[in-house]
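A.B. asks: What follows is the residue order along each chain.
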Amino acid sequence: MDARTLAPPIAAADIETVVGAPMSYWRTVAWRLRQDPTTIVAGVLLLLIALAAILAPLIAPHDPSAGSIRLRLAPLGTSSHPLGTDEQGRDMLTRLLWGGRMTLLAGLTPVLVGFLFGTVLGVLAGFVGGHTNTLIMRTMDVFYAFPAVLLAIAISGSLGPGLWNTLISLSIVFVPRVVRVAESATVQVKSLEFVAAARASGSGVWPIMRHHLLPNVLGPVLVFSSTQVSLSIILAAGLSFLGLGVTPPAAEWGLMLNTLRGSIYVNAWVPALPGVAIFLTSMAFNLLSDGLRDAMEIRM
Amino acid sequence: MWAYVGRRLLLAIPTLVGASIIVFAMVHLAPGDPMSAVMPVDASQADIEAARRAYGFDQPLPVQYFRWLVRVVQGDLGKSIATRRPVLQDVYDALKNSLVLALSASLLSFGIGIGLGLLAAFRQGRVLDKLMSAVAIVGVSVPHYWAGIILIIFFSVQLNWLPAMGASAEGGAVEYLRHMALPTIALALIPLGVLTRVVRSAALDILAQEFVLALRAKGLGRAAVFAHVVKNAAPQILTVLGLQFGFQLGGSVLVETVFSWPGTGYLMNLAIFQRDLPVLQGVILVLATFFVLLNLAVDLMQTLVDPRIARH
Chain A
1 MDARTLAPPI AAADIETVVG APMSYWRTVA WRLRQDPTTI VAGVLLLLIA LAAILAPLIA
61 PHDPSAGSIR LRLAPLGTSS HPLGTDEQGR DMLTRLLWGG RMTLLAGLTP VLVGFLFGTV
121 LGVLAGFVGG HTNTLIMRTM DVFYAFPAVL LAIAISGSLG PGLWNTLISL SIVFVPRVVR
181 VAESATVQVK SLEFVAAARA SGSGVWPIMR HHLLPNVLGP VLVFSSTQVS LSIILAAGLS
241 FLGLGVTPPA AEWGLMLNTL RGSIYVNAWV PALPGVAIFL TSMAFNLLSD GLRDAMEIRM
Chain B
1 MWAYVGRRLL LAIPTLVGAS IIVFAMVHLA PGDPMSAVMP VDASQADIEA ARRAYGFDQP
61 LPVQYFRWLV RVVQGDLGKS IATRRPVLQD VYDALKNSLV LALSASLLSF GIGIGLGLLA
121 AFRQGRVLDK LMSAVAIVGV SVPHYWAGII LIIFFSVQLN WLPAMGASAE GGAVEYLRHM
181 ALPTIALALI PLGVLTRVVR SAALDILAQE FVLALRAKGL GRAAVFAHVV KNAAPQILTV
241 LGLQFGFQLG GSVLVETVFS WPGTGYLMNL AIFQRDLPVL QGVILVLATF FVLLNLAVDL
301 MQTLVDPRIA RH
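Respectively, the protein sequence lines represent chains A and B.
Mapping to this note's numbering: the first sequence position 44 is 44, numbers consecutive.
Mapping to this note's numbering: the second sequence position 223 is 223, numbers consecutive.
Keep in mind the hints are simulated off the structure, nothing from the lab.
Glycine included, each C-beta is placed from N, C-alpha and C at the ideal position.
A hint or two may mislead.
A few chain B residues that face chain A, going by a derived Cβ cut-off under 8 angstroms, partial list only [claimed, not checked]:
hint : residue
1    : Gly18
2    : Val27
3    : Ser104
4    : Pro143
5    : Tyr145
6    : Ile152
7    : Gly246
8    : Phe247
9    : Ser260
10   : Ile272
11   : Gln274
12   : Leu287
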């Protein structure tokens, strides 16, 4: 991966005077990302959303669970409630800030779990091959018999509501997907000549894994996982929306959308706000993963 | 080729068996005693035990699974705990409604998605391409349940043009179509975004190949080149069409819930909250079977379009 280690033994200074120092792979990726305005905007937006969620206890103007019956469903632009209030008179801005914590947690964790377990299982299946491969891959195939939404709702529906059950059901959705990508990348890299060369020159299993296999497998798996974040967030909020995720009175975007749904006849636009938050976050993640894919020159 | 077809058919069987194990396990590993939903609160311990034996819940899980599987294969999905109706009947009725919705959403999204994708590919890098790509990214990023609510706010609450809920069978075809309009649009958004992206990248791949250059050099007109590109991109697009149709059928739970559309998703949601395990099990199993068979059909159709696949 590192271009400098492959370069012919010419004094580095000679080259630098002509074309400048050659960039390493990751520096090239970082440079490409910085050249792409869409990715930068998406990244900044995500940073703001994450900051807002993390700092919610400090910056939220009100108490997320304190409401006032007299102030139910206040419209946008109400003084001291710029984004209005919900059906229990709680401040929307506050609950949106707090809700981001839950939605991001419930959306990001399953992809992280999928990335970790999926990579291990996929690399294992691809590298060892044989019966191990058959066992792992056929098991994963079975999960492909269910569309993601159906699988998530079915598992959550059986386990019952709650944050933990959401995390479990969504993790089960994402592990098999990552396994497939990791396995096919491993099989592909394993058959390349430099792996055979390393093996012929006496490298053991672990050095080959660490130096040759993983650096080449992690790229595609990382990019693929990043494409799944937006789906995971939509699903996590969707489970709460169905009443299968985070339980009230906690603030969570999907749950807020659910409890406010009945109020659209009273005040049409305040109930739409949590959805705007889900949409913006999911879109920012999609744009970021598109940018990452292009910058890393990985084809999915 | 027939060997491939046979092999592919055989491969579907372990997948279906595996799916049935997952469905069975899902419901039986769930917390809570399945009997608690059936028995009255004041039932005596002896009555509960008797009922447990009658339902076969006293047997070891593998035995229960095989008994269940044998009944399922014979078309017996059991009885709903809530309505006492055969589950198969409920699922069948709901599946019809879901199929109608999935078909109309597919027609809408496939037509527009393929059109937008091709348009973007042939205008690569220009304003139109950027616009289409923006539409696509919105499509794949939008939470469709929220889009459904927005549609209701716009067309039902504000404009009062279209109904927000249910599927009316009484008002005749026009009334039925009016009820279908909003859920169809909500359901079509994601596949529309996915298709635009896939079709664009598939067409760009073909356009970058040398034979296209050769065709142009030969003096072929735009329409003829276009036809060649479409033909070559077809197998890849076909796979996505099949998968997306399956996703719309199996993934419509959220949209159906928003619009109270009486399909499989709505039924499943009801079953979850009534702890109606036979119905929940039945819906998931039928949808998974449908999805596996759909994937099978897509694979086989692909070999018809592109016989090279069978040789791998």
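A.B. asks: It remains to establish, for every hint, whether it holds in the given structure.
C.D. replies: Hint check:
With 8 angstroms as the threshold, the beta carbon of Gly18(B) comes within range of chain A, its nearest partner Cβ sitting at about 3 angstroms, so the hint holds. Residue-level restraint check for Val27(B) holds (minimum Cβ-Cβ distance to chain A is 6 angstroms; threshold 8 angstroms). Of the supplied interface hints, the one on Ser104(B) is violated, with its beta-carbon coming no nearer than about 18 angstroms to a beta-carbon of chain A, more than 8 angstroms. Among the interface hints, the one on Pro143(B) holds; its C-beta lies about 5 angstroms from the nearest C-beta in chain A, closer than the 8 angstroms criterion.
Hint status for Tyr145(B) relative to chain A: holds, with the closest Cβ pair at about 5 angstroms, below 8 angstroms. Annotation: Ile152(B) was flagged as interfacial toward chain A, and the flag holds, the nearest CB pair being 7 angstroms apart, inside 8 angstroms. At its closest, the beta carbon of Gly246(B) sits 6 angstroms from a beta carbon of chain A; the interface hint therefore holds under the 8 angstroms criterion. Interface hint status for Phe247(B): upheld, as the beta-carbon distance to the closest one in chain A is roughly 5 angstroms, under 8 angstroms.
Using the Cβ-Cβ criterion of 8 angstroms, the hint placing Ser260(B) at the interface with chain A is not satisfied: the shortest such distance is roughly 11 angstroms. Checking Ile272(B) against chain A: minimum C-beta separation of about 4 angstroms stays under 8 angstroms; hint holds. A distance limit of 8 angstroms between C-beta atoms decides the matter here; for Gln274(B) the minimum to chain A is near 11 angstroms, and the interface restraint is violated. Nearest Cβ of chain A to the Cβ of Leu287(B): about 6 angstroms, under the 8 angstroms cut. The hint holds.
In this structure, the earlier hints numbered 3, 9 and 11 are contradicted, and the remaining ones agree with it.
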